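Asks: Here is what each chain is made of, one letter per residue.
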Amino acid sequence: MRSVLSVLFSVLSLAVLLVPAQGRAAEAFDWQNVKAKARGQTVYWNAWGGSETINDYIAWVGQQVKQRFGVTLRHVKLTDTADAVARVIAEKAAGKTADGSIDLIWINGENFASMKEKGLLFGPFAESLPNFKYVDVENKPTTRNDFTVPTDGLEAPWGMAQFLFMYDTAAIETPPRSIPALLEWARNNPGRFSYPQPPDFLGSTFLKQALIGLTEDRAALQRPVADDADFARVTAPLWPYLDALHPLMWRKGAVLPKNGPALKQLLGDGEVDIALSFHPADASNAIEKGELPDTVRTFVLEGGTIGNTHFVAIPFNARAKEGAMVVANFLMSPEAQARKQDARYWGDSTVLAMDKLPPDARALFEALPRGIATLSPAELGKVLPEPHPSWMTRLEAEWQRRYGQNG
Amino acid sequence: MVKGDGPLLRWAPRLTLLLLLFPIVAGLSGTVLPAFGYLPVLGGERIGLDAWHRLIHWPGVWRAVALSLFSGLAATAVSTLVVVLFTAAWHGRPAFRRFQRLLSPLLSVPHVTVALGMLFLLSPSGWLFRIVSPWLTGWQRPPDLLTVQDGWGLSLVAALAVKEIPYLFLMMLAALNHVPAAHLRVLARSFGYGPVAAWLKGVLPSLYAHLRLPVLAVLVFSTSVVDVSLILGPTRPPTLAVMIMGWFSDPDLSMRFMASAGALLQFALSAVAVALWLGMERLLAHIGRWWIASGHRRFAEKPVSWLSAAAVAASTGLAVAGFLSMAIWSFARSWRFPDLLPARWTADAWIRYGNAGNWVFLNSVGIGLITALIAAILTIACLEYEFRHPRKGGYNGLYVLYLPLLVPQIAFLFGAQMLFVVLTLDGSWLAVIWMHLVFVLPYVFLSLAEAWRRQDRRYSLTAATLGAPPWRVFWRIRLPMMLRPVLIALAVGFAVSMGQYLATVFAGAGRVPTLTTEAVSLAAGGNRRTIGVYALLQAVLPFAVFALAQIVPALLYRRRRAMQVSR
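Chains as they are written, first to last, in the working numbering: chain U, 1 to 407; chain W, 408 to 974.
Just so you know, the hints here were simulated from the structure itself, not pulled from any lab data.
Remember, predicted model here, so these are calculated numbers, not experimental data.
Note that the Cβ used here is the ideal one computed from N, Cα and C, for glycine as well.
All clues given are correct.
A few chain W residues facing chain U, derived, Cβ under 10 Å: (1) Pro-447; (2) Pro-531; (3) Pro-550; (4) Arg-643; (5) Asp-657; (6) Ala-739; (7) Ala-750; (8) Arg-759; (9) Trp-766; (10) Gln-824; (11) Pro-920; (12) Leu-929.
Below 20 Å or equal to it, Euclidean Cα-Cα: the simulated EDC-like pairs (lysine to aspartate or glutamate) are: (13) U:Lys-289 x W:Asp-755; (14) U:Lys-140 x U:Glu-379; (15) U:Lys-208 x W:Asp-659.
Same shape as in the complex, but just chain U (with noise of 0.2 Å):
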């Protein structure tokens, strides 16, 4: 088994030699060449299948890839990314360095930074796609930083995330607006609020953001952490804040719900009174298919919540990538994203600039409808950046060591 194991390893030092010789190659590629070859290929996509709402939005993605590239796209429904990133991990242990089984990954964040520095992406590839030419580069920093990532053309971006809070009317008049004023809304009504147990993300951006709200010294957090002392230091307001916190919450704490739809489910089904999400229009988009009813609002903290991009990316020894270039590029077209932001279809916001776009897409964008419980553009407020991914590393540690067991 060693012997053959070591036999293995040389075969993929050799791989990790070529991979950056490919990614070369593809800086400079032909469209149309692109497309031809896209023809007839089968992309399989590994993308979250936790959510109908973004599964149907999916098989739509894949009806016009076909109709109009003649790609095939499958969506391998995944509980975690990381599933994905594992599977690449596997295939690469075994020396399979080409005919991968995936094609397309949707990913951010940890994820997105350990398979860059695994070397484990195809690429650059998405500044040349030619869509990329409508994306909001300049004031949607973070489609090309991924959690202060630099993303290096290895992945395009698909859409955009901000941290905010559900609320049911009929339980609360006037919602908390600050981290602190959670608090205090809690102390008056226990066991109505909990967050997603990290290191859901959902659940670690709940950290990340109260961790904003507390610290001292929020401009450490977009640096990595430095030491034990510097993490000790910056993030020090936040545990006594989550210990009076806890047994506050929804079962005192002892059971935190698995993810954001758990916790969604949990408003619902009127357990809690405050749930979170990642997406703006999600409120009224399960208002609309009766999951929650109709009494939800939404709000976002005053001085603003997280906001971050999600993307897509190619992995190193993926089959299809030309087929997979296409569906990307598609993916950023304005048809495809203002589909995407239309509450009805996801509600998922741009990453396009309305100002590049010329006016027939640009109308696509201003016909949509705004959900009953979608915050505008400006109510939603500022968008804060994302911490090094370092810091949400560390505190997911951090909880897991004070919090992992209960009591």
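Dock chain W against chain U, hints included.
Replies: Chain W in isolation, oriented as in the chain U frame:
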């Protein structure tokens, strides 16, 4: 007779073992190496104990170990106890046969569906609380009570017991064929023993040996289950298996080493649970011997009868109500506390499924049927070999067949995934079928072996004396006579294949979605409407196959009275 054996028959036992053991052994080694630091692609080239060091200092890991041990042992003890006492009190009485008839529908409901159904039944915003709210409790909003996902894992234990009781009952039925139960009991009764005491003292001691392996399989499964614990288990910390799954899917890839070490710890944990169980068995046997010798004629006869019947009724009721609630959810538009039924209905979830689900449906059915068929062919070949060479042993070696049920899945599936990648089989139907076969074969074998071994040899002998060669005797006499058990075994295999989650995910590379993988990935998203659709299909398909297995022989043999089921 040896001349009549074709190559398939001669090689069947060895081929079966190879197919079964290869993925497990390769998978385990693929877990052991990274656990000790060797996985070059992640920069692990030195053998060492770093992963173990990290593992034993991970916050909450020992609580998780304790929780897994407790919930696994408790679930196994509860379900075994219920089944044994129920059989003791009711065997040979109408209630026993009534429960027997409920078995196949109960066995068709997958674990995930039971867990989701119970989550909805028992949570403070769930059905049971709605029945009494607000008229009795005054609750307009659900109370903040820890009824599910409790820190001791009691709700987890309950769900596992609900699912394991029908399974152990099925195994009990098989075990009852091994001992002259009715005879022994009548004998004990004639000495003045009460029915329960007569069964416990007269039948159980010789019967338990045949129940042991299934009970241990339940124990290993319960200590290492992932999907049910994800839904009903506590979270701070979760059970060890859930923790390990989290590490395997952590974006920080260096966690893989610790995950592999954790998988081995899980292996050890299940082994310790088995050792504890066997120790407890010995202790009980000692006490039992003393008790038998004491000559007490009664064993709380009435309370045991009623309590065991109540426990069986409650577990059946929970499974049925949970399933029903998921069925209703699949048609619900808005269904809020404290409404007993949805306020608004819709078929959206079903329509959406109809638009998108065909591929998944066909995968599930195709893989289930092919796997069950291969398993049945291999099983029949092994049994036929054994039938023709009764003294050659061979089937003792086949006890290894139980191995897949006695090794926690999580301990070898990551390694097995690597194996499939090396063979460039990953993500193919072949890989999924092979992986399913590892878990399906033992059940098919268990289900069929009894009937095959108890066939009346005189029919075959008669045919042989009339000059029929062995293959002809097999095709014309034995197989037709065995049609019913063969079809039931196929149905069991199909149901087991339908329920596979981890095996499908690891071998299928996510490219072979089935109803079960879709249901679990949707369970992560929490939309009960869609989960309801998948849960329903997941249960209805095996049930339909079970029903076919009953109907086909009844139709084929409607003119042959001796081959009909006796009532």
